[in-house]
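**Q** Position 244, counted from 1, in the sequence shown is what numbering that gives the first Met the number 0 calls 243; the numbers after and before it change by one each time, with no gaps.
By construction, these hints were calculated from the structure, which means they are not laboratory data. Note that the structure is a prediction, hence the values are computed from the model and not measured. Any given hint might turn out to be false.
[Stated by the list, open to error] Subject to a maximum C-alpha distance of 20 Å in a straight line, what follows is the list of computed EDC-like cross-link-like pairs (lysine to aspartate or glutamate): (1) 591 - 601; (2) 290 - 302; (3) 591 - 604; (4) 238 - 451; (5) 15 - 217; (6) 129 - 277; (7) 15 - 3; (8) 591 - 545; (9) 129 - 3; (10) 354 - 373; (11) 38 - 217; (12) 238 - 271; (13) 129 - 162; (14) 238 - 93; (15) 290 - 451.
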Amino acid sequence: MNGELLGRIGSPADVKALDPAELPQLCADIRSTLVAYGKAHGGHIGSNLGVVELTVALHRVFDSPHDRIVFDVSHQSYVHKMLTGRAQAYLDPDRYDEVTGFTNPEESEHDQFVLGHTGTSISLACGLAKTRDMMGGLDGGSGIGNVIAVIGDGSLSSAIAFEGLNNAAAQGGNLIVIVNDNEMSIAEDFGGMYGPLARLRESGGTAEPNLFHAFGLDYRYVEDGNNVAALVETLEQVKDIDHPIVLHVHTLKGLGLDAEDAAAGLVEGRCEANHWQDPLSAADRLPGARKHYGEMAMRALEERFATEPGLVVISPATPGSNGITRAFRERAGSQYVDTGIAEEHAAAFASGIAKAGGRPVLATSATFFQRTFDQLQQEVSLNRTPVTLLVFGAGISGTDNTHSGAFDIAMMANIPGLTCLAPTSGADFLAMLAWSTGAANHGPVAIRVPGEAILLAERAGGAAWNDAVAGSASAVGAAECPWDRYRIARRGNTVALLGLGDAFPLAVDAAGLLASDGTNPVTATVVDPRRYDALDRSTLDTLAADHRVVVTVEDGQLEGGWGEKITAYYADRAATDGTRHSPVVVNVGAGKEFTDRVPVAELRERYGMTPERITARVRAALAQRSPETQGTQPST
């Protein structure tokens, strides 16, 4: 029966109690469970299939949670979860959503950190080991035993991984760094260290230069990283070691995928598609906004490659999810660069390209741009280099708590000199991209790639939606930002609804509800701001003259965001000149919180980001303010 042995594992103690001859069967059960789970639910299946034996061996040899295991990124922690009391969340379809796709201490004492970003495991492990050694050491009552960091070879391209290795060598003491080498990042591995890493594999770990020796670290190599007995033997040899060591383990990503998976684009071994598996039921689903608009942008840029050799697309290791297809990359040649998982380097690298006269386009997720804040402020904006940033996955979402895109507006809009744009259609997006990468633009530009709300509106409205919200084709040659002024999409009175970017369709729907109220209809003005780092004061002044209520709607964190700037503007305006009419201002947006896999519909209800909740607040604001009342009364 599939998963029969796995179903009896309730804790690592049960793994230790097995006869050694039973370990291969446990691995087989885990592997078949992962394949079935991936087909039905989706997830990071390929990376987990590669570490089945390694994870079983870790829990056979070490004593979690006394021994601390830190999984880098932790998208390869499904097997760890199965062996630490959570197997039924993978065996029982009714319980598939009980666990997250990453480690989380709220789930289990065996999970050390909430992790979803890359390269940090060695640094975190150094911190655990440092405190242990300061409080009595491995056997001195510190409560912490062996400290193990499990990091993939792709994650080694992240600068913080090298910073951690550097610190580990100087710190000394018990620390085991396991490098899971499956010869893949998300796409292929990129970077100069991968040649020496390959030569280490080819030589059985004896080749020099050895980058781990160069740091002053001890080193061992395991060729068959999918042999559970060999791994158990090696881990027993390094357990309780008194100095830092790197254990280099060669594994096969996606080991165990079958013919049905191959038909869905997944194959056993080193394949980019193995990074993330959608459930088979989603095979016929239309591409989401990231891939749709990403491919659109790449097509537009590719048309210019032949005549603009300085035009370069940069991706820090996450191309496919953003519509940067393998076919595009092959055609682009040197005009596409994968920097590996090195977002900070990618931003500084882009600034260097721009300083030399090139036109770089740096494309990655909103959550990953958070890592580049220093470079965006110092290397890019302070130097006013014309770097274009394509910000994917921005806004609230149902994703896990480390991948939320709700914080980008508050971060980017407050960097001096960075122009921030929020298109409301594909045509608008392409016009902004053409302008930001054109010769007339002389500074950095961030473009919030349209999300699912815009894509849904475009698919429903077709050409009519594009015609209604598209940017001007003449924008390409404009010296100044063509989106300094807000666009009045629909003129009304009394109430103005300003919907930024992905929130614009929500403003349109709220205006429709206000107009359809048979008892007290309101014809609201609807505004498409399109720029969020600067205010269009002229339009805001015009709105204040004949509107009693101004509503800002943004798909991002409200506190420190865009809407609050409009509230502050009207408040300052009233304080400066009390004779000028000022409207009540209502700010609508997300709360300041981390959310973990909360459905978007639930988040929108929680934050009042629905047409019904917005219109209710508008009615309340209208009741609060009579036409003669003066002075700003923000309602946030």
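**Q** None of the hints should be skipped; say for each whether it holds.
**A** Tested hints:
1. 591 - 601: holds, 16 Å
2. 290 - 302: With a Cα-Cα distance of about 18 Å, the restraint between residue 290 and residue 302 holds, given a limit of 20 Å.
3. 591 - 604: At roughly 15 Å apart (the allowed maximum being 20 Å), residue 604 and residue 591 satisfy the hint.
4. 238 - 451: violated, 49 Å
5. 15 - 217: violated, 28 Å
6. 129 - 277: Roughly 40 Å between the alpha carbons, so the hint for residue 129 and residue 277 is violated.
7. 15 - 3: holds, 17 Å
8. 591 - 545: Violated - the C-alpha atoms of residue 545 and residue 591 are around 33 Å apart, more than 20 Å.
9. 129 - 3: violated, 41 Å
10. 354 - 373: Between residue 354 and residue 373 the Cα gap is close to 18 Å, so the pair holds against 20 Å.
11. 38 - 217: Distance ~40 Å between residue 38 and residue 217 Cα, so the pair is violated.
12. 238 - 271: violated, 34 Å
13. 129 - 162: Roughly 15 Å separates the two Cα atoms, so the pair holds.
14. 238 - 93: violated, 38 Å
15. 290 - 451: OK: residue 290 and residue 451 at ~11 Å, within 20 Å.
When the structure is compared with the earlier hints, violations turn up for hints 4, 5, 6, 8, 9, 11, 12, 14 and for no others.
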